[in-house]
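Construct all of the structure, not just a fragment, from the sequences and the given hints.
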Amino acid sequence: MSARTGRQRPGDSDLPSKPAKTDSSAGHSDTGAISAARASSRRFWSARRVPAVIVALLSLAAVGLLLYDVVSVRAGRPGMGWRRRLADELATRPLDDVWVTVGASVAMALGLCLVLLAVTPGLRRLLPMRQPPGTGGTGEVRAGLDRRAVALILRDRAVRVSGVESARVDVGRRKIKARAQVRFRDLDEVRADLDAALGEAVATLGLSRRPSLTVHVRRPEKG
Numbered sequence: 001m002s003a004r005t006g007r008q009r010p011g012d013s014d015l016p017s018k019p020a021k022t023d024s025s026a027g028h029s030d031t032g033a034i035s036a037a038r039a040s041s042r043r044f045w046s047a048r049r050v051p052a053v054i055v056a057l058l059s060l061a062a063v064g065l066l067l068y069d070v071v072s073v074r075a076g077r078p079g080m081g082w083r084r085r086l087a088d089e090l091a092t093r094p095l096d097d098v099w100v101t102v103g104a105s106v107a108m109a110l111g112l113c114l115v116l117l118a119v120t121p122g123l124r125r126l127l128p129m130r131q132p133p134g135t136g137g138t139g140e141v142r143a144g145l146d147r148r149a150v151a152l153i154l155r156d157r158a159v160r161v162s163g164v165e166s167a168r169v170d171v172g173r174r175k176i177k178a179r180a181q182v183r184f185r186d187l188d189e190v191r192a193d194l195d196a197a198l199g200e201a202v203a204t205l206g207l208s209r210r211p212s213l214t215v216h217v218r219r220p221e222k223g
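For the sequence shown, counting from 1, position 85 maps to 85 in this note's numbering; every step adds exactly one.
Just so you know, these hints were derived from the structure itself, not from any lab. Using N, Cα and C, we set each Cβ at its ideal position, and we do this for glycine too. Just to be clear, a hint being listed does not mean it is correct.
Said to hold, decoys possible - Here are the computed distance ranges between Cβ atoms for each label pair:
| no. | residue 1 | residue 2 | range |
| --- | --- | --- | --- |
| 1 | 181 | 42 | 48 to 56 Å |
| 2 | 103 | 166 | 48 to 56 Å |
| 3 | 67 | 117 | 26 to 34 Å |
Claimed, not checked - Dumping the calculated SDA-like pairs for lysine to any residue here, alpha-carbon to alpha-carbon at most 20 Å:
| no. | residue 1 | residue 2 |
| --- | --- | --- |
| 4 | 177 | 165 |
| 5 | 177 | 142 |
| 6 | 175 | 146 |
Structure (structure tokens):
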């Protein structure tokens with residue numbers, strides 16, 4: 001997955017020369033930048049199409065079957081055996097029965113799962129990026145990077161450091177952990193170079209929330 005990073009906002013040297021207008025425009029630009037950063041830092045929400053389709057189909061099947069049975073009873077035919085048996089079981093079984101407890105637990109667990117799907121964003125693999133200049137912080141233009149793509153980029157940058165034989169990078173939403181095996185050079189020097197190289201790489205990704213970086217280096221095992 002590829003994305004284009006926007007340029008930084010112009011500095012003080014590009015602002016108008018009049019003091020009053022400079023302060024006003026700077027205030028507006030700062031407010032717009034803060035609004036854009038807040039808008040772009042929101043996570044992407046999943047459409048949840050598969051759970052929604054499953055719930056809709058199951059609800060449609062249950063309601064259709066119940067409606068068919070009700071219409072049959074109204075037409076003078078006997079009700080379905082499963083509905084009569086279910087009504088008898090619900091009327092005769094006590095509330096502390098094992099099957100009643102199990103059924104209630106399963107229904108509660110399914111309900112909690114649906115609530116969690118409804119209130120959580122999902123798409124944890126996508127890291128939101130900063131909005132490019134010119135969008136005005138409206139949220140109409142948004143971009144994100146897949147965490148696996150970020151890990152590949154950082155791993156390629158890590159193996160370019162002198163002395164690094166192999167590297168592994170784990171990218172989370174808030175933390176990045178890099179582990180490298182060093183064939184030669186001093187470990188402290190390689191760690192410092194990796195901190196600088198990976199820190200620069202993370203900065204160029206244009207993420208709205210920069211994750212913290214942790215670097216571990218070690219010698220390869222002998223044998």
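We went through each hint and held it up to the structure:
Checked against the hint of 48 to 56 Å, the pair residue 181 and residue 42 fails, with Cβ atoms roughly 38 Å apart. For the pair residue 103 and residue 166, the beta carbons lie near 53 Å from each other, so the given range of 48 to 56 Å is met. With their beta carbons about 27 Å apart, residue 67 and residue 117 fall inside the hinted range of 26 to 34 Å. Proximity of residue 177 to residue 165 is assessed by CA-CA distance (about 17 Å); at most 20 Å being required, the pair is judged to hold.
For the proposed pair residue 177 and residue 142, the alpha carbon gap of about 26 Å is over 20 Å, so the pair is violated. For the proposed pair residue 175 and residue 146, the alpha carbon gap of about 14 Å is at most 20 Å, so the pair holds.
Hint check: violations occur at hints 1, 5; the rest are consistent with the structure.
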